[in-house]
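Respectively, the protein sequence lines represent chains A and B. Residues in the first sequence are numbered from 1 upward in steps of one, following the working numbering. Residues in the second sequence are numbered from 1 upward in steps of one, following the working numbering.
You may find that some hints are simply not true.
Restricting the straight-line Cα-Cα distance to at most 20 Å, the calculated cross-link-like pairs of lysine to any residue (SDA-like) are [claimed, not checked]:
1) B:Lys60 - B:Pro112
2) B:Lys49 - B:Thr20
3) A:Lys7 - B:Lys60
4) B:Lys49 - A:Ser97
5) B:Lys52 - A:Glu101
6) B:Lys52 - B:Pro40
7) A:Lys65 - A:Glu101
8) B:Lys52 - A:Ser97
9) A:Lys7 - B:Glu42
10) B:Lys49 - A:Lys7
11) B:Lys60 - A:Ser42
12) B:Lys60 - B:Ile111
13) B:Lys49 - A:Pro85
14) B:Lys60 - A:Ile12
15) B:Lys49 - A:Met31
16) B:Lys49 - A:Val113
17) A:Lys7 - B:Gly43
18) A:Lys7 - B:Pro40
19) B:Lys49 - A:Gln51
20) B:Lys49 - A:Ser42
21) B:Lys52 - B:Ser107
22) A:Lys7 - B:Thr70
23) A:Lys65 - A:Val3
24) B:Lys60 - B:Thr70
25) B:Lys56 - A:Arg109
26) A:Lys65 - A:Ser97
27) B:Lys60 - B:Ser107
28) B:Lys49 - A:Ser1
What the hints contain is simulated information worked out from the structure, not anything from laboratory work.
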Amino acid sequence: SAVISQKPSRDICQRGTSLTIQCQVDSQVTMMFWYRQQPGQSLTLIATANQGSEATYESGFVIDKFPISRPNLTFSTLTVSNMSPEDSSIYLCSVASVGTEAFFGQGTRLTVV
Amino acid sequence: GNSVTQMEGPVTLSEEAFLTINCTYTATGYPSLFWYVQYPGEGLQLLLKATKADDKGSNKGFEATYRKETTSFHLEKGSVQVSDSAVYFCALSDRPGNQFYFGTGTSLTVIP
């Protein structure tokens, strides 16, 4: 299994500002993903964080809005840029290696006011 | 493409009642199927999984059988407890290590 530490656990931010969320894993993993869980809804994949290269974004998500870094196999960041109230959501880091199930961080509950 | 359709909630049951949460999927190839649970204020935890047709995943009294012929993975428990109150997500992964596709989640409340 993998233990994931995600920070911050929650934040309240002013519109127009940016927030960077960190995801630290206790072991090297192949795949890291960032999901968004909007209130009362399921998880939607934002992007796959690729080590040493640009993230792969899903339809509807762009790098300018959600820049992602992954400098090594155990760490990634997601930034939510120029926030608006519509960005209020839970953001989840997920990791997986070939042959294993996905593990999730505790999530970051973001409220934009 | 890949998708998961999950029974709408919320579901409210009395303690010791029988639980079924329906889940059907669409996938290319032979996906692995999962149930995740999210307790209030916590992250997602794997509840059970099945990686091939006719496999039965089980954990904490919950069971689900991978039915390829009906493309289903229904979650069942014979006698629910108050502590089972949570949101349950059905999910699939079409390749090991690949992204997961989630259903909309079913909120379960068990009352004493």
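A quick look at each hint next to the structure:
no.: 1; hint: B:Lys60 - B:Pro112; result: holds (19 Å)
no.: 2; hint: B:Lys49 - B:Thr20; result: holds (16 Å)
no.: 3; hint: A:Lys7 - B:Lys60; result: violated (30 Å)
no.: 4; hint: B:Lys49 - A:Ser97; result: holds (16 Å)
no.: 5; hint: B:Lys52 - A:Glu101; result: holds (14 Å)
no.: 6; hint: B:Lys52 - B:Pro40; result: violated (31 Å)
no.: 7; hint: A:Lys65 - A:Glu101; result: violated (29 Å)
no.: 8; hint: B:Lys52 - A:Ser97; result: holds (18 Å)
no.: 9; hint: A:Lys7 - B:Glu42; result: holds (14 Å)
no.: 10; hint: B:Lys49 - A:Lys7; result: violated (28 Å)
no.: 11; hint: B:Lys60 - A:Ser42; result: violated (23 Å)
no.: 12; hint: B:Lys60 - B:Ile111; result: holds (18 Å)
no.: 13; hint: B:Lys49 - A:Pro85; result: violated (36 Å)
no.: 14; hint: B:Lys60 - A:Ile12; result: violated (36 Å)
no.: 15; hint: B:Lys49 - A:Met31; result: holds (19 Å)
no.: 16; hint: B:Lys49 - A:Val113; result: violated (39 Å)
no.: 17; hint: A:Lys7 - B:Gly43; result: holds (13 Å)
no.: 18; hint: A:Lys7 - B:Pro40; result: holds (18 Å)
no.: 19; hint: B:Lys49 - A:Gln51; result: violated (28 Å)
no.: 20; hint: B:Lys49 - A:Ser42; result: holds (19 Å)
no.: 21; hint: B:Lys52 - B:Ser107; result: violated (27 Å)
no.: 22; hint: A:Lys7 - B:Thr70; result: violated (41 Å)
no.: 23; hint: A:Lys65 - A:Val3; result: violated (28 Å)
no.: 24; hint: B:Lys60 - B:Thr70; result: violated (25 Å)
no.: 25; hint: B:Lys56 - A:Arg109; result: violated (34 Å)
no.: 26; hint: A:Lys65 - A:Ser97; result: violated (27 Å)
no.: 27; hint: B:Lys60 - B:Ser107; result: holds (18 Å)
no.: 28; hint: B:Lys49 - A:Ser1; result: holds (14 Å)
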